[in-house]
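Q: Required output: the full structure, derived from the provided sequences and hints.
Going by the working numbering, the first residue of the sequence shown is number 936, and it counts up by one from there.
I should point out that these hints are in silico values taken from the structure, not numbers from a laboratory.
Ideal Cβ positions, reconstructed from N, Cα and C, are used throughout, including at glycine.
Hints may be right or wrong, so weigh each one.
[Said to hold, decoys possible] Derived BS3-like pairs: lysine-lysine, alpha-carbon spacing no greater than 25 Å straight-line:
#1 K1060 - K978
#2 K1067 - K978
#3 K1029 - K950
[Stated by the list, open to error] Derived CB-CB ranges, DEER-like:
#4 V961 - L1183: 31 to 41 Å
#5 V961 - L1061: 33 to 43 Å
#6 V1157 - L1042: 26 to 36 Å
#7 W1163 - L1109: 24 to 34 Å
#8 D1012 - V1157: 38 to 48 Å
#9 S1142 - L1109: 25 to 35 Å
#10 S1028 - F967: 24 to 34 Å
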Amino acid sequence: MLFLLIEQKKCRRRKLWLLYLCAFLVTALWIFISLLRYPFDAKEAQVGYYMLILNFTLMNLIFLPVILAACASRVCDMETKGETDKMLFTMQSKSSLFHSKVLLNALCILLFSAAQTGILLLMGKLFHATQKVPAVLLLWFFFSTFVVSLVLYVIQQILSLLMKNQLMPLFIGLMGTFTGVFSAFFPNTILPYIVPWGYYFVFNPVSMMMHETTNEVSYFTVPLRFGWIGGFLLFGLLFYLIGLNCYLKKEV
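A: Shown next as structure tokens:
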């Protein structure tokens, strides 16, 4: 807890909270303005929460990988660019530094996921969605957003701590966005499952289908992928253990 407070003070001028706030505002305002221009009609209101969950998932797929890469770079640049490792490690261990950074961002991601779930529910009320609130799907949206974001952040933090040039982790995060969005165009292939940045879409509990004859769009739920989220957590744990081991062995 002490090292977490120290890390929070170190990041006080890093404006870490501002990056998460920007991600929240961009995704929320984008969908809010779209609904102001094209509000739910009577038929869409019956599946209003399904539409909102799908839209928020797609926004996260586009924006969050880059935001998480930027957050990791911001909290790690003091040690990498500032070359303060030797001084810091006379007062704390590498392991405590690594975990305090992860925990600080995990708390931010938790608040971000909760805020997104809350604004999604609020938008459903504001735009008069007549659908019954799908509590299980909203909880799944919150949980999957938190899990995927946390694993992606750990990946980016490891890259930021191991690489001297912070442009490389940011570039990887940007490419992650492109590969994640690209994989979403091939939902029935193996591609979305081998790209970690695409797992926002993999865990999306809602899908849509356009009928060719009528051009109408229908929304429906898909089975919650508990097995896949367990496998994704296992992948994240494995990457964390390997990355932590590499960081502990890194010379300073």
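Q: Quick check: which numbered hints come out false for this structure?
A: Structure breaks hints 5, 10.
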